[in-house]
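Please put together the full structure from these sequences, using the hints given.
Taking my numbering, the leading residue of the sequence shown gets 1, the next gets one more, and so forth.
One or more hints might be untrue.
[As the list claims (entries may be wrong)] In silico BS3-like cross-links for lysine-lysine, where the CA-CA straight-line distance does not exceed 25 Å: (1) Lys331 <-> Lys112; (2) Lys89 <-> Lys146; (3) Lys80 <-> Lys371; (4) Lys354 <-> Lys112; (5) Lys80 <-> Lys331; (6) Lys354 <-> Lys371; (7) Lys112 <-> Lys146; (8) Lys180 <-> Lys146; (9) Lys146 <-> Lys80; (10) Lys89 <-> Lys354; (11) Lys331 <-> Lys354; (12) Lys331 <-> Lys371.
Treat the hints as calculated values from the structure; they're not laboratory data.
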Amino acid sequence: MNTGSPDLIRFIRAEIENQGPQSFAWFVQQALYHPELGYYSSGRCIIGRKGDYFTSVSVGPLFGQLLSAQFAEIWDCLGKPGRRGDIDKFTIVEQGAHDGQFARDVLESVQKRAPEFFDALRYRIVEPFPILQERQRRSLESFRGKVEWRTSLEPFTGVHFSNELLDSMPARLMSGGREKFVGLDGDNFIFVERPIFQGAAASKLPRDSGAFNDIALDWVDQIAANLQRGYVIAIDYGRLGEEVQRDVQVRAQHRRLSSPFEQIGEADITMPVDWTSIVHRAETNGLRVAGFTDQHHFLTGIISELGRSGSPGPPPGDWGPSLLPDSPKAKRELQTLLHPEMLGRAFQVLALEKNVAEPANHESPRLAGFKFARELRSALRVNDSV
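This is the structure we're talking about:
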């Protein structure tokens, strides 16, 4: 039996009865993002110990503190835009900000440790849902002169950051030349398989079944069109190329549910990110891969390069040894973020760049977070000529 929001279930059922089976991407769009009834858009999503799942942000402020050091290095790398009253500010753009906790952790850290960088930056949250905007505004009240909100991407110079955004973008379920649609068996939702290329809509469907997440690819297009100069850092869980599995994960109250048709509108629905298709689309749009590694190696690189006094090329500000945990609580946070059986290997970090000069040493990564990254250009099928 289908469970979840009765109003949302009735809406989805009525659409299928009137229009016929719908793509799984459409179903997930309603379950997560229906304007009034969706899991995220309605504000039902709760992250953390008392919620449905953990994220690196919900572990504690250390994650934001480490990323703030990486952002400061990026600011330095771009020539410190926005300092001395420059009109062109350095902008941190965040999508998927949830309640604003990450933004607050970053701004508090930068304000304390790098006041020059703090003065030069503005923080922009892209958030289409009013209920989440309101939560973010309350969380960031002390930084109200520094933070701005938009409902869609706009041109910027700086860095675009997202954590667990791509995995929640609605995706088709396609494999072996067939696609799974959501249909009805009586009152219950079921999967119905159809050939991918069928009928008048065939020309609109991707020819490569690996490019099954059209929304994620459209997002790459939008990022590339709006990033004037700087970086994109996306942290998420996913796979490369043939390793990608179209496994749907449904979570509620820290339990993995057996079907996306359980707790509809009251549970999170995600799928692993196909990093290879993201990189291909990014390169097509003129973005370059600046690094790719797992979260363990990424955060370790930041600590190694930026978290100790006397490190080569530290970002501006008093970061020094203060990035290293010095309390039992912070040490537990670091262990959770880095441990291979916790979050360290479950998540990957992709960095893209645009209109950034080549580093003097082409063999060294430009960003500290990729100091320990393995060479993955061949795995990502990156075209060096782009």
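Hint check results:
no.: 1; hint: Lys331 <-> Lys112; result: 20 Å, holds
no.: 2; hint: Lys89 <-> Lys146; result: 11 Å, holds
no.: 3; hint: Lys80 <-> Lys371; result: 22 Å, holds
no.: 4; hint: Lys354 <-> Lys112; result: 29 Å, violated
no.: 5; hint: Lys80 <-> Lys331; result: 32 Å, violated
no.: 6; hint: Lys354 <-> Lys371; result: 20 Å, holds
no.: 7; hint: Lys112 <-> Lys146; result: 15 Å, holds
no.: 8; hint: Lys180 <-> Lys146; result: 45 Å, violated
no.: 9; hint: Lys146 <-> Lys80; result: 17 Å, holds
no.: 10; hint: Lys89 <-> Lys354; result: 17 Å, holds
no.: 11; hint: Lys331 <-> Lys354; result: 35 Å, violated
no.: 12; hint: Lys331 <-> Lys371; result: 22 Å, holds
In summary, the numbered hints that this structure violates are 4, 5, 8, 11.
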